[in-house]
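*Asks:* Residue-level listing of the chains:
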Amino acid sequence: MTLPLAEALAQCARHAEVLRSAAAEMPPRFDAATVHAADAALVRVVDQFVLRFIKLQDTLGEHVLRPFCAEVLGEPVADLPLIDVLNRLERFGFLTTAGWLRWRALRNSLTHEYPEHPQIRAALLNEALAAAAAMGDLLQRLRERAAAR
Amino acid sequence: MRLSDRERRIIREAVLRHFGVVPRLFGSRLDDARRGGDIDLVIRTGLPPEEAARRRLDLLAELWLNLGERKIDIVLDDGTSQAPIVERARREAEPV
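Quick note, the sequences are listed as chains A and B, same order.
The opening position of the first sequence corresponds to residue 0 in numbering that gives the first Met the number 0, with each subsequent residue numbered one higher.
The opening position of the second sequence corresponds to residue 0 in numbering that gives the first Met the number 0, with each subsequent residue numbered one higher.
Treat the hints as calculated values from the structure; they're not laboratory data.
Being a predicted model, the structure only gives us computed values, none of them experimental.
Careful, some of the hints might be misleading.
Derived DEER-like restraints, expressed as beta-carbon distance ranges [as the list claims (entries may be wrong)]:
#, chain 1, residue 1, chain 2, residue 2, range
1, A, Glu-70, B, Asp-30, 14 to 24 Å
2, A, Val-42, B, Asp-4, 31 to 41 Å
3, A, Arg-148, B, Asp-77, 47 to 57 Å
4, A, Ala-32, B, Arg-69, 15 to 25 Å
5, A, Thr-95, B, Arg-69, 40 to 50 Å
6, B, Gly-67, A, Val-42, 15 to 25 Å
7, B, Ser-3, A, Gly-98, 38 to 48 Å
8, B, Glu-93, A, Val-42, 13 to 23 Å
9, B, Asp-31, A, Leu-72, 11 to 21 Å
10, B, Gly-35, A, Glu-16, 49 to 59 Å
11, B, Pro-83, A, Glu-70, 45 to 55 Å
12, A, Ala-39, B, Arg-5, 22 to 32 Å
Quick reminder that beta carbons are idealized off the backbone N, C-alpha and C, glycines included.
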């Protein structure tokens, strides 16, 4: 099911807001010790962060990027693979295709907790903190451009 | 091995660039009688785990960029892991 663009953007904004507030409650940087010693409250807030990171990326990827490209930028992308949509958005300066795909790889990796390797979990959470801020910026630019139509 | 020459070249070159080793393939794509399926790769690396995890993201993004987004599982083998998936990969895998 495809959501109308305005509704999908509003959904993304809610995910981004919870993501931001979860990030604000997390340490600015993780290391193996932070992950290993996480108390129940930190585990909960990290879970919330990861869930909203996934939802924000999925909603952008499934319900926003293509209709934004078609309806707002007027590009004929309705039947093209996502990679072509990403390339158009790169040409318009909204994102880089390689960067988006890396967020995608990160999204998939965050579903694993790596209990044997807290340093991997820490590295991925640090990557995700930076990516979450960048995804929030992307969403902001998409919303501004959509509103300026 | 059910990978085209182009797929093999792209995978080999990308893994060499990011990890400095030739990747090995395991799982269903070794079975010529089957169709489709995930691409399961195992990469031997002595990098610190956090650095290997970051390079894994770079590698996946590059593979998706060049092969299209599809299911690619990358198992990192530090040489000591006894995880069942790593042991299976070591047993079966063939160089890409």
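*Asks:* Decide, hint by hint, whether the structure agrees.
*Replies:* Status of each hint after checking the structure:
For Glu-70 (chain A) and Asp-30 (chain B), the Cβ-Cβ distance of about 45 Å falls outside the hinted range of 14 to 24 Å, so the restraint is violated. Roughly 47 Å separates the CB atoms of Val-42 (chain A) and Asp-4 (chain B), a value that falls outside the hinted 31 to 41 Å. Arg-148 (chain A) and Asp-77 (chain B) have their C-beta atoms about 52 Å apart, which keeps the hinted 47 to 57 Å range intact. For the pair Ala-32 (chain A) and Arg-69 (chain B), the beta carbons lie near 37 Å from each other, so the given range of 15 to 25 Å is not met.
Distance hint check: the CB atoms of Thr-95 (chain A) and Arg-69 (chain B) are about 20 Å apart, inconsistent with the given range 40 to 50 Å. A C-beta distance of roughly 36 Å is found between Gly-67 (chain B) and Val-42 (chain A), which places it outside the suggested range of 15 to 25 Å. As the Cβ distance of Ser-3 (chain B) to Gly-98 (chain A) is approximately 27 Å, the hint placing it in 38 to 48 Å is violated. The given range of 13 to 23 Å is broken by Glu-93 (chain B) and Val-42 (chain A), whose C-beta atoms sit roughly 40 Å from each other.
Look at Asp-31 (chain B) against Leu-72 (chain A): about 44 Å separates their beta carbons, and that is not inside 11 to 21 Å. Under the hint 49 to 59 Å, the C-beta atoms of Gly-35 (chain B) and Glu-16 (chain A), about 40 Å apart, miss the expected range. The hinted range of 45 to 55 Å is satisfied by Pro-83 (chain B) and Glu-70 (chain A), whose Cβ atoms lie roughly 48 Å apart. Between Ala-39 (chain A) and Arg-5 (chain B) the CB atoms are about 50 Å apart, so this pair departs from the stated range of 22 to 32 Å.
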